[in-house]
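Generate coordinates for the entire structure from the input sequences, incorporating the hints supplied.
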Amino acid sequence: MDRIRHILLGEVVGLLLIVLVIIILFETNFVLPGEMSGMEWSNDLVVTQFVMQIITLAVIPFALYMFKMAFVRKQLATSTEKATKALLVWGTVRIGLICIPIIFNALYYYIFGFEVSFFYLALILLLSIVFIFPTKRRCENECCITEEN
1 MDRIRHILLG EVVGLLLIVL VIIILFETNF VLPGEMSGME WSNDLVVTQF VMQIITLAVI
61 PFALYMFKMA FVRKQLATST EKATKALLVW GTVRIGLICI PIIFNALYYY IFGFEVSFFY
121 LALILLLSIV FIFPTKRRCE NECCITEEN
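Numbered according to the numbering used here, the sequence shown spans residues 1 to 149.
Hints are not guaranteed to be accurate.
[Said to hold, decoys possible] Within a straight-line C-alpha distance of at most 30 Å, the following computed DSSO-like cross-link-like pairs (lysine-lysine) qualify:
#, residue 1, residue 2
1, Lys136, Lys85
2, Lys74, Lys85
3, Lys82, Lys136
4, Lys74, Lys136
Worth flagging that the hints you see were computed from the coordinates, not collected in a lab.
Structure, rendered in structure tokens:
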């Protein structure tokens, strides 16, 4: 169980380090922000904002509710070895659902010239990591889900 938890923690930290690298690259002007700012990119900005808002609003409840779904719950309620493998797979999916949009929102924030809507979307997703962060207790509770829960 500890090995699975460490892998999941490594995934969270690794994906958040990617966001940190994006921030450092743009804030130090190593990569110039605002490459897609201006009137010629306004249609792309609107479409990208719309898509990222929908993705953000869809993945947060889905990621939080994922372990309550019958298909996932059955896999986590099996024997200990199968349950830990299922926890690794579904925990990775859950972390990816939250962290990958954070990366894109951070990137779009800088590419579109400090467009704050992307910053707020990334911040909302970052706050939702608190509810899926792979602590030891959470991993044990999610691996021991029974059919009654």
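Which earlier hints can't be squared with this structure? No numbers; nothing is violated.
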